[in-house]
Structures are given as C-alpha cells and as structure tokens.
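Protein chains in written order, with the numbering used here: chain L, 1 to 345; chain P, 1 to 345; chain G, 1 to 345; chain C, 1 to 345.
Derived from the structure by calculation, the hints contain no laboratory data.
Hints may be right or wrong, so weigh each one.
For identical chains, the list gives no copy identity; a pair is met inside one copy or between any two copies.
[Said to hold, decoys possible] Derived pair list, reagent style DSSO-like, types lysine-lysine, alpha-carbon separation capped at 30 Å:
id, residue 1, residue 2
1, LYS59, LYS69
2, LYS151, LYS320
3, LYS151, LYS6
4, LYS59, LYS20
5, LYS320, LYS69
6, LYS314, LYS151
Protein chains: 4
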Amino acid sequence: MVIVMKQSTTEKQIEVVIKKLVSQGFDVHRSTGVEHTILGAVGAQVVDTRDYELLDGVKEVHRITEPYKLASRAFRPEGSIIEIDGVKIGGEEVIIMAGPCTVESYEQCDIIAERIKAAGAKIMRGGAFKPRTSPYSFQGLGVEGLKLIRKAADKHGLLVISEIMESGQLPLAEDYIDIMQVGTRNMQNYGLLRDVGRTDTPVLLKRGMSATLSDLLLAAEYIMSAGNHRVILCERGIRTFEMHTRSTLDISAIPVIHQLSHLPIIVDPSHAVGIRDKVAPLARAAVAAGADGLLIEAHHDPDNALCDGAQSLKLEQFDKLMEELRLIAGAVGRSIAEASVRVAG
Amino acid sequence: MVIVMKQSTTEKQIEVVIKKLVSQGFDVHRSTGVEHTILGAVGAQVVDTRDYELLDGVKEVHRITEPYKLASRAFRPEGSIIEIDGVKIGGEEVIIMAGPCTVESYEQCDIIAERIKAAGAKIMRGGAFKPRTSPYSFQGLGVEGLKLIRKAADKHGLLVISEIMESGQLPLAEDYIDIMQVGTRNMQNYGLLRDVGRTDTPVLLKRGMSATLSDLLLAAEYIMSAGNHRVILCERGIRTFEMHTRSTLDISAIPVIHQLSHLPIIVDPSHAVGIRDKVAPLARAAVAAGADGLLIEAHHDPDNALCDGAQSLKLEQFDKLMEELRLIAGAVGRSIAEASVRVAG
Amino acid sequence: MVIVMKQSTTEKQIEVVIKKLVSQGFDVHRSTGVEHTILGAVGAQVVDTRDYELLDGVKEVHRITEPYKLASRAFRPEGSIIEIDGVKIGGEEVIIMAGPCTVESYEQCDIIAERIKAAGAKIMRGGAFKPRTSPYSFQGLGVEGLKLIRKAADKHGLLVISEIMESGQLPLAEDYIDIMQVGTRNMQNYGLLRDVGRTDTPVLLKRGMSATLSDLLLAAEYIMSAGNHRVILCERGIRTFEMHTRSTLDISAIPVIHQLSHLPIIVDPSHAVGIRDKVAPLARAAVAAGADGLLIEAHHDPDNALCDGAQSLKLEQFDKLMEELRLIAGAVGRSIAEASVRVAG
Amino acid sequence: MVIVMKQSTTEKQIEVVIKKLVSQGFDVHRSTGVEHTILGAVGAQVVDTRDYELLDGVKEVHRITEPYKLASRAFRPEGSIIEIDGVKIGGEEVIIMAGPCTVESYEQCDIIAERIKAAGAKIMRGGAFKPRTSPYSFQGLGVEGLKLIRKAADKHGLLVISEIMESGQLPLAEDYIDIMQVGTRNMQNYGLLRDVGRTDTPVLLKRGMSATLSDLLLAAEYIMSAGNHRVILCERGIRTFEMHTRSTLDISAIPVIHQLSHLPIIVDPSHAVGIRDKVAPLARAAVAAGADGLLIEAHHDPDNALCDGAQSLKLEQFDKLMEELRLIAGAVGRSIAEASVRVAG
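Next comes chain L alone, as it looks inside the complex (with noise of 0.2 Å):
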C-alpha cells in the first residue's frame, strides 16, 4: 500500500498514519518530498484502503497488490491448461463449446450434437435450469434436461457444460455434467461460488455485467480458496450506454485477463449480441484476440426454440462459422479440431 500525504500535512498527522500501519503489521518506508511525503506499507495483510483515506492528511491511498492470489498470473506464470477426458482449455488449441440455450428433448439433443461434433466443437452445452429475468418463462426441464443432454453426448462423444443455479443441484450436476456453468448473473453470490469450490467438478464462470475483470477474477479466487482450481473464464459482454446490441463484448478481456491471470478465457458471444445475425463476426474477433474457446449456441430449428432461438445459429450457419473459425486460429498461431464432414459450398 502506498499512501501519498497533502502538502499541508503536519508531522504529527504523519505519525498518527504511520502508527496505523505499524499497528496492522506493516514495514513502512517514508520519503519526503518537496511537495509531498510518501509512505511504502510493505505487507501481505488486505485491508480497507479507505480507513487510511479518512485519516487528517492523507491525499490518496494506493493498493499495490491484488486482493486475489490463487487465480493471479503470478502463481502460474505458464498459465493454466483445464482438462477433461482428454480436451484441454488452455491450450494451444481453441476448444469449442456450441448447442441450444435449453434442453427441449432427446430428438433435439441427438440432431444438433451429431452436427457439432461433425463441425469440429468438443464440448455440448444446454441448459436444464434456466435463469430468466422474467419469472412468467420457461424455467427449464430440470434433471430430466441433463438426462437427455448427457445421453446425446455421450452417444456421440462430446463432453457436457450446464449451468448450475443453486447449490441443491449440485449433486446432480456431479452426475451428469462435465463442467458445471456459474452465470452471469450468480458470479457473485458467494454461497454458490463456496459450494462449487468444494467439488471437484471443472466450473465454468461467467462474467457480471458491471463486473470488473478484478471482480471476476475475485469471483475466481473464491471457488479456487475453497478447494477447486478447476476454473475456466467466460466474458460475455457487458452492460453499457449501447443499446443496438444486448451487452457490449469487452473484447479486451481477453488480452487483459492473459496478463493478469493463470487461467483460460473463453467468450460467449450469442449472449454478448443477444442476435443470431452478428454472432459470426464477434466469435471470429474473439479467436482471433486469443480467447481459449468459445461457447455458441446453435439450434437445428431455432424458430421454434423454447429460449434464446433469436441469438441460436442455426447449424449450417455454425458449419460455416467454424470454418472461418479454423482459418483464424491457424492465422493466429493456434488450432480447431478438423471437421469430419466437409461442408458443401
């Protein structure tokens, strides 16, 4: 912590902030100024920088060290490689993560899981518990959702990410869910964080839409200091003066977060758009950017889709998309799984 002193502070006022320090355990290194005294706190205590900001005398307080440790670059400078059966985020290859907003049926699951996999995507995703802001729509099938979702991936050999509400779910998910998704909206309700972190299941966190990156990466810290370093980052835009999209994609999160932390970064760009027609040219900037993955939703027949179908690819849009996708990542030094069926035209 450094606390800068006004020019007018008396000696006295100055030894009254030292004391402080002294007294909540740090080393303090005092350099006097023409116009202004500066006082190094040296420790590893977090504390309320405003209570030395109240103090007579004092002009600003700076923090100098990040209140989150376990999800900072720092503890793994080579960063951190997530994986699962196999696939691993983080690495040098781009994983994709695509299927429909909510689980409707088997039939559904099996049709756009077959045309994922074959396009080149890892991992299924689909939501059986459903967050809507309005509590008149669909909530959801539940646990019969990750029944049917589990069974479609399975069969055609994708992993599966859902999103995870509350902790009563969480035996569930264990069951059937490969990565469990912590939304935007729960990224700081730090009961559900407590309890993710206690399992051993990877989790899949989502960015707030006022969240700062610190935020998410406290967010991070929580699930990681309860046990679980299982943790892969989402940016999924967010909430700004905007309004011709739903949030704006902060495509600087990704070079940001590769600074700031160990753990990989993947984007959602059908939520950040909120529309099926501009979802193609934000997943592009995002693998070109660098981003770690992608989640995507897409839809055999988003028309008729229960939720979200506005914002779902439909699949031949996705064939296509993931073929750009493949010539970016290659022009970014990185790569896509193959397709194992060449899309026509």
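Given chain L, put chains P, G and C in place with the hints provided.
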C-alpha cells in the same frame, strides 16, 4: 407489440409476420404509410421480440407492455404502504434504518441501538451473513449475530433488517428478522427470490450494480409472483466510469420508480458513495428527491469496525444528519420521527 | 509517481527504471519489501505513466499528483466566489439561473424574465446558438437572439447566461452575455476552451456526458491556464445504461467537486433528466446535496416551445419549486433570494 | 411514430393526442385493443417524442424512423466506397493507416513512412494539431508538421491522414491532407462538422467516448448534409467502468454499423486500449469482425516519442502484425496489400 416494416418490404414478407403474430395469439392492426407499414399486435403474451426482428422485412420491434405486472403502478395506482408492527414504509413518514455494517457484539448493538432510536430511527440494520468480494474477508457472525441484534433492537423498540444470502438461511431469518434484505449481488439470484417470495416476511430488494430499473422491477415481480407482495425497493448506486465514488447514486431512480411502480423506494447512501464524509449530502438529497426511507451505516467506533467502517457515520454525525433530514422532509411535505433527545450544538 | 515492481524483478531492471526517472528530473526513494520493491518518484513533472508501465519488471504505476493545479482545492483552500455585478456564485446564497431553452422572441423573454425574477432567480438563461444533435433541427436565432435576451434581462434586473459554440462568436458574447456557457459537447473542444480563457467573461463549464470529474477539472484548467480564473462548473448528468432518464444525474459530483476544487459547482436538472415532471425532485436533491446554484429551463408556454419544451417547467411549476428550494436551502445552512410576489396556494 | 396509450385512457385524451399529431402533419392509424390503444403516426417529420410523452393518457412513444437519412443504409444499400487516388476504403481490401501519434521531424516521418509502406500500409497518420487533455502537454508542430508528413508520405507513395481541430485549420488541411480526421472530443462540435462538410476532402469521423452508434451516424449526417458525402467512421473505444484498459473497444460496432449505414467503418485499436502490448490482439479482432480498415500508431523509437509512445507499436511489431492481419483478412474473404519486403522470422 409494434412492428415496423422496412420501406422495401414485400407484401409477402408482411404476411409472414402477420401469420406468426396470429399464431402466437395476437390481434393485429395494420397501418400502411408512404414510407413504412406498421403492425400493431395486441395481446397479453410475453414473447421474445428478437424472434420478430429476425424476420425478413422487419425494421424494428417495440414491446409496449412491461414484462412486470404485480410490481407496476397500474396494479395499485394509489401506492403500497408496507406496515410492520406499526411502522409504515411508503406513507407520509420517511423511515430511517440505521446501524452497523456488521453485528460484532451485543454491547456494540446495544450502544448503537440506543443512540439511533433516540435520534429518530425506527429500524436497526446489521449484517450477520456478509457477502464479501474477497474470500479472505470477515464473513459475519451468522446466527449468533442475528440473536445479538434482535436482543438489542427489542430492548430499544426497533425493528430489525438484515441480509439473507442463501435459501438455507430463511428459517433463521423468520425467527429473528423483521425485514429480509436481498443484496445487490443477489438481485438476480432467482432461486433466492422465489424462496423469499414464499415467506411472509417483508423484503428489502437492493438494485444490482448494473441493473436497470426495469430489471429491478422484474426482480420484485419474482418475489411477488411467489406470493409475497411486501417488497421495498432500494437504490444503492450503479456502476459507471466515475471513480471518485464507489458507485454513482442514481437519484433519478426515486421519481422514476414512483411513476413506474406502487412499491416504496428507499436509498442507501452509505454503500453508494462508500466513504463517510459524503454520506450526509447524499442522504439529504435522497429525502429531498422523495425517498420513502434511508438505510444508513452508523457505528459508535467506526475506526475499529470489523467491516466498512470507512463508510459508517459516527453516532454524533448521525444525530446531526437526522436533524437536517427532518427539516428537509418538512420542506417536501413529509416527516421524520422526532428525536427523543435534543442534540447539543 | 509511485512505481511498484514485480516480485520477480531483477536488480538490473530496477536500475533501468531509476535511471529513467532521474533522467526525467525526479528524486527517487526506494523501499525494498519482502514481496515488492516500491519506487517513490518525487517531482513536479507531468509524465505519461504508461511509459513506465511498459518497462521490464514494472507491476504498476500510480500518479500521485493530479494533472490540474489552478483548479485544485489546494490552489485556493478557502473556495472561490465568482462575483458578477453583485451576484455571488459560490457563497452562502444558492443562485438560481432559469429561462427558456432557446430565445424565440422579445415578448417571450420579457414574460419569462419578469416571472423568474419575481420568483427569486438572479440570472436568465436562453440559447441563441444551439448545439443540436440533428442538422435538421432549429439552430437558434444567433446574434438577434442575444440582443433580445439582453434587453429583457436588463429590463428586469437579471444577468444573462448563454452558450457559445465557436470562437468566432466570442466578440458577440462579450457584448451581450454575463456568463458564457461552454456546453457538454464542447467540454473537450480545446481551441474553444483556450479562446474563452483569453476573455474576461465568467464561464460556466458543463461536464461532458462521459467525462470524469478529473476530466472536468482538466477542462477548467485549460480555461484558467489561459488567464480566466472565473470558472463555474456544472453537473448535468452522465451517460449510463439506465434508459428511463435522458442521462443519470451524478449527485455525488457536488461533494466530490467541493473536496477536489475551489470552484463553485451548480446543477442542471433539466438536461439531466430530460422530462419536465422529474425536474423538481432533482433540483431539490441538488440543493440538499450542497450545490452552489441551479440552471433550470422554464417557459411560459412549453407546449409550443421551439426547443426542449418537454423538459421546461411551466412558470407556475417554477414558482412552486422555488418555494420548496428556499426551505431546503435553509435546512442546509444556505439561502435563496426571496420572491417578490407571494405564490398563491 | 407509435404512441401507446395507458389502459385507463379516456376517449377525450386520445382525441387530444390525435389532434396534435394531425396538426403536425401526421397520418394517424388507430388500433384499439383490450388493454391498450395504439396510435400509429405516419409522416416524415422529425419531432420531439417527449412532447407526446407528457400528454395525459400517453404511456409510451416510440420513434420509428432514425433521425439520419443520408447516413442510413437505405440511402445506398450497396454500401459506399470512398476512393482517394486509387485507394478504396469500404471495398474488398482492408486499408491500413499507420504512423506516429504526432509529427516530430522529417527524419522521423521518413523512417516510419518507408517501413509502413513496405509492410503494406496505404495511408500515413501523424498529428500536427494535437488535442491534449492537459493544457501543459505538447500541442503539436502545427502547419510545419503538416508539411513534414506530406513530404515524407509523397516520397514513399502514401496518402496522409491528420486531425483538424478548428475550422480555422481547414485551408491548411486542404493543402496538405488527404483525409481530415475529426477527433473523438470533437464528434459533436457541430460548427466544425458543418465546416468540414463544406469541403471536398474525405473525413474520418471518430466516435465520441460516450456516443451511441446513432449519435455517430447523426454526426456523419451533419457533415453529409453540408455536402460532403465522403465520410469514414471510426470505432475507437467507449468509456465503461472497466479500468484495465483506457477504454473498451466496442467490437460489435463493426457489424452494427454495416447494418445501419452504407459508410465504411475502421477501427483504432491504439487509442482504444492505450498500451502497446495489447494493440495487436485488438487489431486482429477488428479485421476478423469485418472492419474496412485500421488506424494504428507505429513509431521507430516509441520510448522517446513526444506523445503516446506507450501505445505506439515498434516498427518490427507492426511488420509482424501486418503478416497476421493478412492471414485473417484472407480468412474473412478480404485482402491486405502485400508487403514489398519479407519480414524475417
């Protein structure tokens, strides 16, 4: 719903849109202008407007009914008064809720309760379960904390408001709390909203840091649609680019909510600004703008508080503020309970 | 400036940083801690902190002196009062500026001037050069407008405030205007700031829609560094994601500016909220929070106003608001000039 | 314009609204539903929707035509290509503009021009008049700077883009500049927009820091309505709460602008992110998302640059980036001019 077609739209495209509207149960009225054709769709259904935006020939879609019903002004045009043991929130009197960020001891609660009661507060706040952004911060005393604040509040004739973070805490809450607070970070924790809505205890619902006022009312709708109509809304600042304050208090929320909804709205100036020396101007502004109440942090020894001491008023500051607020309440045709003890000088 | 080095920094990297600091004229104080080495750089130079962030081994760089000097509180700790023909802005009295969005005719100005003067306003506002977001909107009467408002204001003993949009308008302004307004969209039009700074006329500087308070003070510094120290700051709302109001009035700006700067700060509730029926609550809040004045749109026939009629108060609404404001000013130890005519009812 | 009446509206209130609409020249179509009456108003007039919001019985008013015409996609559905001396902006080729933040010397311009030309850039950037947030910062070489960059660009066969800050600089600009840049802080300086619109020189218009995309298109409309249709839009980041980057690049602006307007859109990653080590990921993302060009700061000796060296790429970094961009352009069906010299390894 109103659908505006592009200038170049063909008759066939218009027919497709009309057919979809009718199939979803809407009555459709068509206006053909020189530049644009407009379709007015009348019906009570909540549909995803984006499904229509993606149809060929559609330029824009406007929703004309808010997706909340129970929380809207139209549901109870005269406004709601939430009455708890004779304390009326939403009436002529501006209700002051005050107390420490977190319950630390019985002695602490007793000292603070006595003073805030004397100054005119009706409700005591104090956290037992604390949502902390860092997993390494103090997390609250839990049920022990609830017992301590209950005892002190009872001694001095105050009601108790305290935060509930997880559904598992609800039984405890019903035993010790008069108003259950749902915090900023849980405003879209839908499981919690639903469970809180199944109780009979009044709820104070805080606006999320990036929640629009429509989002806030939809969150209230979640609680109300589960059966509990006694909801008090709370503005506590939103996230903007301005960094001199912890968040930006949206003072306009007060008249806007009074127009959109029948629910009372109070203001938390302490969390909005985040530093003690600016709490009083915001508290005064809130009453001047028509707030139905205030939630203020006050502590007898904030320099040694376990949590958020920097934003807690000292008790003599709180006394002085209450006198100012009483004058302002009078200026806007409201009142605040008299102090039982006269403040010196 | 304070530079925090990474944990892994080598001695050689630290030396490079110190050498650069010394070459830029800083005195350097070094503190070596267990985790981090901190370099305190003391000197008056304004440098680009990012140049240091990019050096090897550097973790963070904090600026410790604000880049504005003349506008800072330290420059005049007792605060500035801008006096114009006996009207003092920044003193004990809260100064009310009111009038139409745009000057339309002499008759209009005369009617409005008479009424606002009677209600206690000291300064008349009215635009002659209008910054309109659409090139197809009414652009103002120009110099003719200035002559009309001047004549009406003189008749009723009011000062005139009006907006200047281009340096070429300055000679006209000096003839007809007492306070030159620099609008929101010109807050960073540096040529205009410099030219306005070379005049002797007081300036009302409006905060840009996405300007931080530091940006606002730097814009004031531009004017002041050119010689004109008579600057009044104006908060008028910032852009956020909330769409129920035109912009979000940052009520906290009042106490923050009073702490950071010696310049007076007033509030424009009309442009902030953008609709008549919510102007009064915001005006009251501003006075309660300590604003030194208000800039309010009022019109005798807003339904037929050429510009922004929707956000203009009717004159009887203005009268009523002034009575409320007078009570609130009293509650916070300030005053507003008495009305010469008693408002009925 | 579509006007939705409240449920409780009386027939008389509806008549008042219809009468006002007709008096303003609208054709009105009325739809009477069970809950709401909807009035569709068809006409070409631009009116202030708030005037209707304030009428009794009105619930909501929606504008259905954008207030810009010349800038809208409908005006030229096939898209615009701005051609300058054979360089086509908005066509199949992605055009790269690069160079220093500010012109420092002929030697500097010569070195940089040679290298960026060899790497495939078509246009050289370099500021002569600099908008600096601090009045104490270097303000540019002025007309001398324009002469230096012109000479260097001519020698190497590059076009010149440079910023114009005041109308008084326009005659100089016409002599030395191929594309006049209107900067972020001047996006709503309407006098400058009008004057720039009266020239024949192509204009690059940067988005304001808190401008919506509609605002940006309205600013373009100002220029176009004055006669100059050769406008290139530039996304350069918007202000949000995220502080790890200077601003948040709105990558979605690219597909949105392509949908709303026929004008080309380019991206300035250097100013968006503000620090050199994150420019390349954003530049790649922009091309992947479909940008028509890039504006990049590059310098042969950024550590000693007079301005914004921290965000300028070194020339070898620029060379490497151009190779990556060429691959990405290919992946999205676009191209970038070949480098004349092969980059080593």
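Legend entry - Identical-chain pair category, LYS59 with LYS20, by Cα at 30 Å: both (16 Å within a copy, 26 Å between copies)
Legend entry - Intra/inter-copy verdict for LYS151 and LYS320 if alpha-carbon distance must be at most 30 Å: within (26 Å within a copy, 46 Å between copies)
Inset, instruction - Up to 30 Å between alpha-carbons, please classify LYS59 paired with LYS69: within, between, both or neither. - result: Both ways: LYS59 and LYS69 sit 28 Å apart in one copy and 15 Å across, limit 30 Å.
Inset, instruction - Tell me, please, which holds for LYS151 and LYS6 at an alpha-carbon limit of 30 Å: within, between, both or neither? - result: Neither. Shortest intra-copy (66 Å) and inter-copy (44 Å) distances fail the 30 Å Cα cut-off.
Inset, instruction - Could you figure out if LYS314 and LYS151 sit no more than 30 Å apart (CA to CA) within one copy, between two copies, both or neither? - result: This pair counts as within: shortest intra-copy Cα distance 22 Å, inter-copy 53 Å.
Legend entry - Intra/inter-copy verdict for LYS320 and LYS69 if alpha-carbon distance must be at most 30 Å: Answer is neither; intra-copy 41 Å and inter-copy 34 Å both fail.
Checked against the numbered hints above, the structure violates hints 3, 5; every other hint is satisfied.
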